[in-house]
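Student: Here the protein sequences line up with chains A and B, keeping their order. Note that the numbering used here numbers the first sequence so that position 82 is 123, with each residue one more than the last. Note that the numbering used here numbers the second sequence so that position 7 is 58, with each residue one more than the last.
Quick caveat, the hints were computed from the structure, so don't treat them as lab data. Backbone N, C-alpha and C fix where the C-beta goes; we use that ideal spot for every residue, glycine too. Some hints here could point you the wrong way.
[Stated by the list, open to error] Cross-link-like lysine to any residue pairs, in silico, SDA-like; alpha carbons within 20 angstroms at most: (1) B:93 with A:67; (2) B:152 with A:148; (3) B:152 with A:82; (4) B:152 with A:89.
[Unchecked claim] Label-pair ranges, simulated between beta-carbon atoms: (5) B:149 with A:42: 15 to 23 angstroms; (6) A:55 with B:105: 48 to 56 angstroms; (7) A:91 with B:133: 38 to 46 angstroms; (8) A:50 with B:71: 31 to 39 angstroms; (9) B:162 with A:50: 21 to 29 angstroms; (10) A:122 with B:127: 40 to 48 angstroms; (11) B:61 with A:42: 23 to 31 angstroms; (12) A:50 with B:77: 28 to 36 angstroms.
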Amino acid sequence: SAVISQKPSRDICQRGTSLTIQCQVDSQVTMMFWYRQQPGQSLTLIATANQGSEATYESGFVIDKFPISRPNLTFSTLTVSNMSPEDSSIYLCSVASSYNSPLHFGNGTRLTVT
Amino acid sequence: ILNVEQSPQSLHVQEGDSTNFTCSFPSSNFYALHWYRWETAKSPEALFVMTLNGDEKKKGRISATLNTKEGYSYLYIKGSQPEDSATYLCAFHAGGTSYGKLTFGQGTILTVHP
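Okay, chain A solo, but in the shape it has when bound (with noise of 0.2 angstroms):
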């Protein structure tokens, strides 16, 4: 199964500030997937980067928000921008290999938003 490095691991930020998740596979895949848990919720889709084209996103996000880079088929980029305390998460990457395989998941990023 693919290894995931993501980073940083966790992040204490002010409201109105950035921040940009990086997410590293060891293998070259398709499609990786950025999830995030709020507190109490459960884990939900934000969007799908996809390499070469733009990502695609889930009803509720959007770009201006939650901007995607995906440069090549091994690295994604996701940025949480003008932070507020609603956006204190885990934001997980993650990558599957077809249909009827798991998800593979990084270590997460524990986000607070002060």
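Once you've looked at the hints, dock chain B against the given chain A.
Tutor: Frame of chain A; chain B shown alone:
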């Protein structure tokens, strides 16, 4: 909006007890049902991906069953150990969606006391 529910929300058992949790999901447009274990400060780890009605899967002391017609899955842990303490997540994969787009339940938090 897809509704994936897990029960109970949390569970405390003694070492050696057997236990089980429930995941309910839409009975229409089913493609797959995933189970993950998420230990504190680690990344979610895949347990099972189940696709066929009546499917039963086993991994060591953990097993799962699937009923797609009525929309539920059970996860069983036999002879619980303290190291089984974690949050157990189920996730529904709807037909016609990309393979990384899962709808997660809120999880069952299991604590196994020595």
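Student: Compare the structure with each hint and give your call.
Tutor: The hints, checked one at a time:
1. For the given pair, residue 93 of chain B sits about 18 angstroms from residue 67 of chain A by alpha-carbon distance, which is consistent with the 20 angstroms threshold.
2. Proximity of residue 152 of chain B to residue 148 of chain A is assessed by CA-CA distance (about 19 angstroms); at most 20 angstroms being required, the pair is judged to hold.
3. Restraint check for residue 152 of chain B and residue 82 of chain A: the C-alpha separation of about 17 angstroms stays at or below 20 angstroms, so the hint holds.
4. Taking the CA atoms of residue 152 of chain B and residue 89 of chain A, the gap is about 8 angstroms. The hint holds against a cut of 20 angstroms.
5. The hinted range of 15 to 23 angstroms is satisfied by residue 149 of chain B and residue 42 of chain A, whose Cβ atoms lie roughly 19 angstroms apart.
6. A hinted range of 48 to 56 angstroms for the beta carbons of residue 55 of chain A and residue 105 of chain B is consistent with their spacing of about 53 angstroms.
7. Between residue 91 of chain A and residue 133 of chain B the C-beta distance comes to about 42 angstroms, which sits within the given range of 38 to 46 angstroms.
8. A C-beta distance of roughly 33 angstroms is found between residue 50 of chain A and residue 71 of chain B, which places it inside the suggested range of 31 to 39 angstroms.
9. Distance hint check for residue 162 of chain B and residue 50 of chain A: the Cβ-Cβ separation is about 24 angstroms, which falls inside the suggested range of 21 to 29 angstroms.
10. Separated by about 43 angstroms at the C-beta atoms, residue 122 of chain A and residue 127 of chain B satisfy the suggested range of 40 to 48 angstroms.
11. The supplied range of 23 to 31 angstroms is met by residue 61 of chain B and residue 42 of chain A, whose beta-carbon atoms lie about 29 angstroms from each other.
12. Judged by the Cβ atoms, the range 28 to 36 angstroms given for residue 50 of chain A and residue 77 of chain B holds: they are separated by roughly 35 angstroms.
Taken one by one, the earlier hints all hold for this structure without exception.
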